[in-house]
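**Q** Start from the sequences and build out the full structure, keeping to the hints where you can.
Residues 1 to 554 in the UniProt record's numbering are what the sequence shown lists, from first letter to last.
Please keep in mind that the hints were generated in silico from the structure rather than gathered at the bench. A portion of the hints provided could be inaccurate.
Each computed DSBU-like pair below joins lysine-lysine, with the alpha-carbon atoms no more than 35 Å apart [as the list claims (entries may be wrong)]:
no., residue 1, residue 2
1, 340, 404
2, 258, 58
3, 258, 114
4, 195, 114
5, 126, 231
6, 195, 132
7, 258, 437
8, 78, 231
Bear in mind that the values here come from a model prediction, so they are computed numbers and not experimental data.
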Amino acid sequence: MWILNLNVSKLFFELYRTMNHIPKRKIFFSKKKTKTERYTNLEDYMREKNFPLHKYQKTGVDWMLGKELMGFNTKHNKIYGGLLCDEPGLGKTIQMCATLYCNPVKYTLIILPKSVVQQWIDAINKILPSEKVYFYHGSNRCKTVAELKLKKFTILITTYGMLCNTKMMHGLTILHHFGKWDRIIVDEIHVMRNKKSKISKSICGLQGGIKWGLTGTPVQNTEKDLFSLYKFLDIPSQYFNKDCIDSINKNILIRRTKDEFKRLSIKFPNLNQIDHLLEFTSDGERKLYDKIQKNLTKNYLNILENSDKSVEMLALLELLLRLRQVSIHPQIMINSLNHKFKSKIPNFAINSSKIAKLMEIINKSKDEYCLVFCYFKDEIKLIGEQLKFKKIGYNVYDGSTPFKKRDEILKMYPPKKIFQQIGLKYNLSENIIENIKSYFPKVLLIQINAGGVGLNLQQFSQLFITSPNWNPSNEIQAIARAHRLGQDKIVNVHRFLLYDQYNEFSTIDEHIMGIQSSKRSIMADILKDEGYINNDVVKDFTDISTDLQSRLLE
Numbered sequence: 001m002w003i004l005n006l007n008v009s010k011l012f013f014e015l016y017r018t019m020n021h022i023p024k025r026k027i028f029f030s031k032k033k034t035k036t037e038r039y040t041n042l043e044d045y046m047r048e049k050n051f052p053l054h055k056y057q058k059t060g061v062d063w064m065l066g067k068e069l070m071g072f073n074t075k076h077n078k079i080y081g082g083l084l085c086d087e088p089g090l091g092k093t094i095q096m097c098a099t100l101y102c103n104p105v106k107y108t109l110i111i112l113p114k115s116v117v118q119q120w121i122d123a124i125n126k127i128l129p130s131e132k133v134y135f136y137h138g139s140n141r142c143k144t145v146a147e148l149k150l151k152k153f154t155i156l157i158t159t160y161g162m163l164c165n166t167k168m169m170h171g172l173t174i175l176h177h178f179g180k181w182d183r184i185i186v187d188e189i190h191v192m193r194n195k196k197s198k199i200s201k202s203i204c205g206l207q208g209g210i211k212w213g214l215t216g217t218p219v220q221n222t223e224k225d226l227f228s229l230y231k232f233l234d235i236p237s238q239y240f241n242k243d244c245i246d247s248i249n250k251n252i253l254i255r256r257t258k259d260e261f262k263r264l265s266i267k268f269p270n271l272n273q274i275d276h277l278l279e280f281t282s283d284g285e286r287k288l289y290d291k292i293q294k295n296l297t298k299n300y301l302n303i304l305e306n307s308d309k310s311v312e313m314l315a316l317l318e319l320l321l322r323l324r325q326v327s328i329h330p331q332i333m334i335n336s337l338n339h340k341f342k343s344k345i346p347n348f349a350i351n352s353s354k355i356a357k358l359m360e361i362i363n364k365s366k367d368e369y370c371l372v373f374c375y376f377k378d379e380i381k382l383i384g385e386q387l388k389f390k391k392i393g394y395n396v397y398d399g400s401t402p403f404k405k406r407d408e409i410l411k412m413y414p415p416k417k418i419f420q421q422i423g424l425k426y427n428l429s430e431n432i433i434e435n436i437k438s439y440f441p442k443v444l445l446i447q448i449n450a451g452g453v454g455l456n457l458q459q460f461s462q463l464f465i466t467s468p469n470w471n472p473s474n475e476i477q478a479i480a481r482a483h484r485l486g487q488d489k490i491v492n493v494h495r496f497l498l499y500d501q502y503n504e505f506s507t508i509d510e511h512i513m514g515i516q517s518s519k520r521s522i523m524a525d526i527l528k529d530e531g532y533i534n535n536d537v538v539k540d541f542t543d544i545s546t547d548l549q550s551r552l553l554e
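**A** Here's what the structure looks like:
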């Protein structure tokens, strides 16, 4: 096979170019190194750049080069590129950069979530220093195609937001009007899984020769999630069905998992996932939860009898949202209702079961960084207040955090071993080292939607999920921020689940975990990955609503 013997001559590439009618470009063969020379020296090159490739990563690069140069034939067209779907934390960015090094093209467009832009820029600058990178973002970005071409870039990086919100003629951006890109890379491509979304339509509207999608969680709900990714790759729509998924995936998708490390000689940190089944610690919290659940469900049942489907769905969403808020801390729901209805519901003065347990574990984590994934801004505020009271340093990373400040915040959590190295170098006492540590924050409160994907947070070893997520992929992505290559500690994930100790009612956490189980089963079946396991959201809501109704009417 080609990937087993890539030492082909320049003649092969020239023949390949001619057969596939690829226009000849000066950049097609580097004057300094041919593609064959780049590939032959790849492992030494990456080692020199301090990004040594593991064996599975080298295999991934071989596979991607094969898809870029040889493509995949359908009955109707030829596909160049594919989906790199290694489990989160296995170094997809590095594999992609190595592929770019081996196969330079004139124009590469990279579309990213805002949270990982700096990570990609840093990797490209280190691995591909000869490439000219232009970051298309902010008010100072180029406003016309002519202005953009004057930048003379080889790699353009932009965000999902820029691609969707900066329109020109006919509802398109200058990135659409730029023409055909030689290569398009979409990181965290699962974001565009909904084919009707603005993001999906905008990305699929781009013209590209080679197209890559990177994600560790390609399936979020059903097999239909893959069809949007297929569309981006220009796979004909007649293949968008269950019967074709396996055959298509074999040709355009590669996936390796952390479980495979058991069969390989690659060191990887252990992951301990601890589900804390928490009883209501106060009678006041338990009674309030039960009262809220009954009242909201009763309101929902009234709406069912008198409203249309759209109003019904909004009412159900409201019910589920309030139950999630009150399960973390009743004050979150109270603040939200007071804001929405301009009311003055009294504060809930007692600490909640989940926040109390969170603070207990953080206090016991003496010499470890703690990463707390939150859902609500009031949740972040409540936890922050308690950390401040306990004199525990913390930072907040959420959707409102300015772009430039995000990287600054993450740099405030240096690896713990650095403190020991400084102590040894300057012969400092333990007391002085501990005093130095006290100037650095211990906890990072991070909104899961803002920092749940793409970030490298290997310095954190204690992770907290205050409430289970409807979509297990979001949790998988969040955990992989710390449990990834480069982590040298055991990672402990603490998931807080509330239940009624008297078994008189079920909680929202119990419902969500049941849904997660069925979703993980679907994901495992589609991706042939037993370490995984999804469902239509509307069906999820219907199941919950039926259960709530039955309990209320008992």
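**Q** Against this structure, judge whether each hint is valid.
**A** Hint check:
Among the hinted pairs, residue 340 with residue 404 is consistent with the structure: their alpha-carbon atoms are about 32 Å apart, no more than 35 Å. Distance hint between residue 258 and residue 58 is fulfilled; the C-alpha atoms sit about 16 Å from each other, no more than 35 Å. In summary, the hint linking residue 258 to residue 114 is supported, as the alpha carbons are separated by about 26 Å, within the 35 Å threshold. This hinted pair checks out: residue 195 and residue 114 have alpha carbons roughly 21 Å apart, not beyond 35 Å.
For a cut-off of 35 Å, the pair hint linking residue 126 to residue 231 stands: about 33 Å separates their Cα positions. A C-alpha spacing of about 33 Å is found between residue 195 and residue 132, which places the hinted pair at or below 35 Å, so the restraint holds. The straight-line distance between the Cα atoms of residue 258 and residue 437 is roughly 33 Å, inside the 35 Å bound, and the hint therefore holds. For the hint linking residue 78 to residue 231, the alpha-carbon distance of about 13 Å falls within 35 Å, and the restraint holds.
Consistency note: the structure conflicts with none of the earlier hints.
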